[in-house]
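Q: Letter by letter, the chains look like this.
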Amino acid sequence: MLEMRKDIFADERDDNLNVIGKGLQRQDMPGHVTGRTRYFDDHAFDGMLHLKVVRSPHAHARIRSIDIAAAQRAPGVKRVLRGADVPVNKNTLLSLINFGKDDEPSLAVDKVSYKGEPVVAIIADSEAAALAARQLVRIDYDLLPNVFDVEEALKPGAPVVNETYPGNYFEYHQRYDHQKLRFGDVEKAFAQADMVLEHRYQMSPIEHAPTETNGSIAAPEQNGRFVVHSCAQGLFFALGTAAKIVDVESNRLHFIGGTVGGGFGGKVDALTEPLAVLGAMLTGKPVRFVLDREEEMLYGSPRGAERIYVKDGLMRDGRIVARSIRSYFDAGAYTRLSSYAAIKCTAHLPGPYWIPNVASDVYVAYTNRCPSTAMRGFGVTAVDFALEVQMDRLAEAANLDPMEFRVLNAYRDGDMKAHRRVAKNTALIECVQVVAEKANWPLSEQAKRQSSLTGGVGERALIPATPLDQRGQIGRPDTRNAPSSQVLPAGTARIPLSKQPVMEGDRDGRAKPTQVPRYESAQPIAALPPYQPAQTSNPPAPAYQPPPAYQPSPPPPAPPPAAPAQTQHGAVRFSSVFGTRRR
Amino acid sequence: MAKIPVQFRLNGSDRAAFVDAPETLLNTLRRGLGDFAPKYGCGQGTCGVCTVLVDGEPQLACLTLSVACEGREIETASGMADGPDLHPLQAAFMDHFAAQCGFCTPGMLTAARALLAKNPNPSRDEVVEGISGNICRCTGYEPIIAAILAAASAPGARRA
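Chains as they are written, first to last, in UniProt numbering: chain E, 1 to 583; chain S, 1 to 160.
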């Protein structure tokens, strides 16, 4: 089951992975229990200055004027910064890996797009002085209409939240308004299904609420360098982001971190480091920029709220034959990491099940809410909630036990996943079996005999014929706002029909290209891989008929089907962002 | 604004500082005296990461004025270990994996220390009540509760 790839980095390892079951002391524990662990704020500097930002009180407004004269004259104030003082005042986090357009200012210049967006930064010799001067900044706003709902934001004529993305959606590859997944033909399968169930799931934004708030201290070092004590979860991410925004070589920044007082994803955004570094450069003194608790709760980026529509085609015997998902990520006003979350979400669908026909459209929508970011499995957590609630509803509709229902539809080693990777190390069936046993949940003998190691063969191992649409993409055109239309969204262009999705070689035991039915153009769909629509004689009953793939024989040592024996040395990594493999 | 001299005992040593009238004990300890064990978490008395003992009573340093501590005995997590010898609570926290990010740990240890000083053999409910003013976002509290109960029954725990 679990494959230990001890050959990866074999020459660099000296361990034998033999620590399981042994009590080892964590190396950071003595520091934690004696209070000696140094977090970013636990450093003393002489003459340290304190930075506080003035935030927008409006969710969406044009900035008419900013008057900082009174704040500059206030006692203790050393420097007041506006957007024009920031060398590179537009950034997007993933620009470090060349993904997405710079869309977020460090300090807003022309307009604010969410309540709490920083506009002016005040650097003073005490926190109290900075807070007092904050009251003296005068900013005149012209209010703009705002939009807080993901689907409203995507409608034509909605207020433009983020001028970098005028359609209020993240543009994948500068062209596409969503992440699209097509596997088989869901429409045909829905037509043949005994039942079709559709439900809507709405998530809330969630604040990480770490006990340590976001913050950093930047101080001039020798030789033109700056030391930065940072709360960052991704220290080099924060370093690169700060270097870009402040426009210095990254080797002039010396980031120190690693002790994070709770992160959970909320400390990857480099919320404070760039301005702290800039403040230290402009004043020549240590500058501390720490969010207070109110700022952390209100303006620290949360988990994005997602709206997910799940539509499933179900046969009376319990097999799911089609699953279609339409999902909207609420990015808030700026991208941050939401573009990546939608990719993760798409790669995860349709969940740990084998479903022969899958379609999904996942949108990243901009709204006038606080920008959202990473949080513990973001992109997957919410859609998993939606899918599992949906699975319970499907089980009820099929009159099946929910555990048996999951065993029946579980994916198995060798299955072709909807994103065209062969499933490996699958263990849903075994998990259900163990959970049922521990919970004293009655499971049928047949379900107890199932194994993830077998059954992922035949049509389950193949990519089904998948129709192309008129845009030359897989799937139907423009499903962004329910009914399909021939009108292309702004900024998109038709690409020739001949464009074929490129399949890569046969690494990892994926079906060889010859076995893969080629993508075909839209209209006549050559016979789908054999699917017998519900010819079950038995009425809905707890005992299910196994689908043909089930072999309730005791699991043999089972070499995964079609997996060519291979020795792979060196790590093969899959970059979900670029969709490419790198060695 | 004229500074006000304040003297107190911090973890057994006499210390003095010049403070502003509205300055909190948390700020004086961290920025004035360099004891970074008490943390800033909320500044509103809700999270407990700044918990210290003032004359043996658990207090929130972020809501305690430094000038009110004149002549008092202040104890923080920095003073719990005796050289290399850990306090039984500290040892129990290590053994029971009762810290993850570690940020709440100094306040949690201090609250637990106050509890055991008053009630050397607390019930589980009393432990839960004793740390109810301290927020931990990582552990889910169970390892912390187990550690405090273990420390209470360990030899030497009563010296608190």
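These are calculated hints, taken from the structure and not from any lab test. Note that CB positions come from ideal geometry on N, CA and C, so glycine has one too. It cannot be assumed that every hint is accurate.
Stated by the list, open to error - Ranges of calculated distance between the beta carbons of each label pair, as one might list FRET restraints: (1) S/67 to E/67: 55 to 65 Å; (2) E/236 to S/120: 40 to 50 Å; (3) E/43 to S/154: 47 to 57 Å; (4) E/252 to S/154: 42 to 52 Å.
As the list claims (entries may be wrong) - Cross-link-like lysine-lysine pairs, in silico, DSS-like; alpha carbons within 27 Å at most: (5) E/438 to E/448; (6) S/118 to E/285; (7) E/111 to E/101; (8) S/3 to E/78; (9) E/155 to E/438.
Q: Now tell me if each hint is right for this structure.
A: Against the structure, the hints come out as follows:
For residue 67 of chain S and residue 67 of chain E, the hinted distance range of 55 to 65 Å is not satisfied, since their beta carbons lie about 38 Å from each other. For the pair residue 236 of chain E and residue 120 of chain S, the supplied restraint of 40 to 50 Å holds, since their beta-carbon distance comes to about 48 Å. The supplied range of 47 to 57 Å is broken by residue 43 of chain E and residue 154 of chain S, whose beta-carbon atoms lie about 34 Å from each other. A hinted range of 42 to 52 Å holds for the C-beta pair residue 252 of chain E and residue 154 of chain S, which are about 51 Å apart.
Straight-line distance between C-alpha atoms of residue 438 of chain E and residue 448 of chain E comes to about 13 Å, which keeps the hinted pair within the 27 Å bound. With a CA separation close to 47 Å, the supplied pair residue 118 of chain S and residue 285 of chain E exceeds the 27 Å bound. As the CA atoms of residue 111 of chain E and residue 101 of chain E are separated by approximately 18 Å, the hinted pair is consistent with the 27 Å bound. For the proposed pair residue 3 of chain S and residue 78 of chain E, the alpha carbon gap of about 22 Å is at most 27 Å, so the pair holds.
A hinted pair counts as satisfied when its Cα atoms are at most 27 Å apart, and residue 155 of chain E with residue 438 of chain E does not qualify at roughly 49 Å.
The structure shown violates the earlier hints numbered 1, 3, 6 and 9.
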